[in-house]
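Start from the sequences and build out the full structure, keeping to the hints where you can.
Residue strings, one per chain:
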Amino acid sequence: MSTQVAARRRGSGTRRRGLSLAPVAWIAIALYAAFLLYPIVQSVIQSFTDRNPLKPESSFVGFANYIELFQDPRLARSLGFTLVVVVFVTVVANTLGLMFAMLLNRSTVNYRVMRTLIFIPQVLSGVIVAFIWRSILTQNGLLNVTLQNLGLTDTAISWIGTPELATLSICVVVSWITIAFSTVVYTASLQSVPAELYEAAKVDGAGVFGRFRNVTFPMIAPGMTISVTLSLITTLKLYDVIAVLTGGGPANSTKSVAYYLIDVAFTNNRFGYSSAIAIFLLGLTALVAYTTTGLLRRREAHL
Amino acid sequence: MSTTDTPMAFAAGDEGTTSEREAEIILASFEDPAPRRFGPKSRRRILRAGGHLVAAWLVTLAFVLPIYIALSSAFKSQDQILANPLAPPAPFTFDNILTALQRPDQLVQSGLMNSILVTALTLIFLIPLASALSFWISERPPVLKGILLAVFALGLMVPPQVVLQPIVSLLQTIGLQNSYPGLILSNIGGGYMAFAVFVFVGFLRTLPSEVIEAARVDGAGDLRIWWTIVMPLMRPATATVGIFLGLWVWNDFLNPLFILGPLQGQTITTGIYQSLGTYSTDYGQLFGIMLLAAIIPVVGYLVTQREFIHGLMSGASKG
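Quick mapping for you: the protein sequence lines, in order, are chains A and B.
FYI, in the working numbering the residues of the first sequence are 615 to 917.
FYI, in the working numbering the residues of the second sequence are 163 to 481.
None of the hints are false.
To spell it out: a stretch of chain B is covered by chain A in this simulated footprint if at least three of its residues, at any positions, have a beta carbon under 8 Å from a beta carbon of chain A; those stretches are:
id	region
1	320-331
2	338-352
3	384-390
The hints are simulated quantities; they were obtained by calculation from the structure and are not laboratory data.
Just so you know, these numbers come straight off a predicted model, no measurement behind them.
From the three backbone atoms N, C-alpha and C, an ideal C-beta is built for every residue, glycine too.
Written out as structure tokens, the structure is:
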């Protein structure tokens with residue numbers, strides 16, 4: 615064996631022989647550059663033009679798109695809606711996800727089956743989830759049917775037909791999807807907490823609440839960073855649930871920024887202006903991701 | 163949860179299979195570490211643990227109620243569904259499934275075929291490319307490596323809407339608009355690549371460098387080391403990447419909708435979206451199609467569950 619190695623070593627003139635990986639790596643980088651980096655650069659450039667695919671020429675308009683952006687009442691409205699959904703979903707999904715994780719943090723078959731079931735909303739596509747909820751929430755949908763069967767209401771409630779209830783419906787449906795994810799992340803975090811810490815806390819006379827505050831809560835900090843940041847980012851780019859559940863209505867009340875941006879680009883054909891909104895959304899996402907990770911990481915570091 | 167300091171053991175943890183032992187250990191962590199006690203207290207403990215189990219099941223069932231409604235309604239007639247949406251399917255009917263499969267537009271069959279095609283081709287090209295790229299990146303000097311990883315980190319954060327219109331324009335320029343090659347190509351080159359690179363590079367950090375050095379001393383080239391040594395060692399990471407990207411590509415909505423356009427045959431997700439507006443009041447039909455559309459990802463999830471959750475956990479803990 616060793617003589618073979620020695621012989622081979624002697625036989626090889628250069629240390630590196632055979633085919634290099636570089637060409638494969640460069641193909642991958644080129645594809646990434648073409649389909650991710652270039653589109654971002656393209657968006658930045660277009661955001662300073664009035665580009666419209668229906669017009670042959672486009673010209674530079676300076677900051678006009680960005681000025682319009684800050685004065686656009688539709689964008690302001692969609693931004694307001696987006697922030698409501700993002701805050702609602704992040705708070706509700708992380709609170710309930712943590713509670714579910716604590717409730718289900720046991721390893722018998724029963725609890726494993728329950729955790730399996732709870733993750734299913736994450737596995738289904740947003741379109742399917744939204745169709746299921748739409749058949750529950752529409753005017754003659756299954757929720758109203760049930761409420762009427764039980765004699766709780768006489769008139770059908772318009773769960774996705776009025777701006778306030780439609781906003782609430784979107785919040786609930788997106789939370790439902792996100793809770794599934796948070797529960798799994800928090801379960802993973804809880805399982806990494808060493809039992810000795812609880813014993814020590816107990817010896818020190820800490821009650822259930824004390825143990826949660828002083829042991830569980832600090833120890834799940836890394837999981838919380840992940841869960842909160844991902845809830846924020848995924849909710850910021852929300853599209854499919856809205857498309858199916860409300861189509862942005864009623865009266866544009868449930869158009870998220872991400873949804874409005876697609877509208878401006880593909881329905882109004884205003885590529886220039888939509889690019890400005892895209893850059894705005896990118897900045898917003900980066901800001902939110904950076905700030906929350908920073909804040910939550912600091913909490914981790916304080917342990 | 164318990165509100166007093168009364169000790170509480172776990173009812174099911176009385177005898178010792180491995181998982182029961184695990185259960186006891188985990189439970190002890192937030193219940194009571196003291197050894198089992200006997201007498202009236204133990205009965206109370208068992209009752210409490212039973213109460214906890216009942217509560218956990220009630221919460222879980224309430225949470226998955228919409229899934230139950232969709233699943234049971236797929237096997238009920240419209241009248242049954244409207245009479246009582248929560249009742250189990252009795253009598254049981256396969257009419258919805260059969261009607262869904264006999265649609266003249268072949269929505270389910272062609273949608274599933276298209277989705278399988280797009281997902282499989284994306285993964286077949288993306289996984290080796292990203293894996294090789296990751297190995298290559300991990301062998302670069304620290305500065306270049308840092309820059310490359312920062313560039314790929316960007317891809318994890320960019321909302322797909324931000325790049326969608328430029329991608330559609332780009333595909334138009336190269337003549338691949340409204341085509342499956344166009345969709346697959348943008349799947350391979352887009353944000354998914356960034357995710358794959360992060361998982362692979364993270365995993366490569368955990369591999370002992372001696373293995374690779376030894377092969378290099380033996381005179382193997384990078385390509386060969388990657389294929390015969392790195393790829394087999396990275397199997398867990400490949401499983402994570404394959405499972406998650408498979409699910410995301412399968413469930414993707416935005417890219418298929420805007421890249422394929424309305425005239426092409428659609429993936430199952432966008433096909434349902436574009437065809438089902440009118441079906442929203444025929445619940446039996448709707449849920450029948452939903453069931454057929456959801457069955458592949460759900461079965462895939464149940465089969466790969468262990469790797470799935472494990473991948474999610476390692477991703478979560480790595481941060």
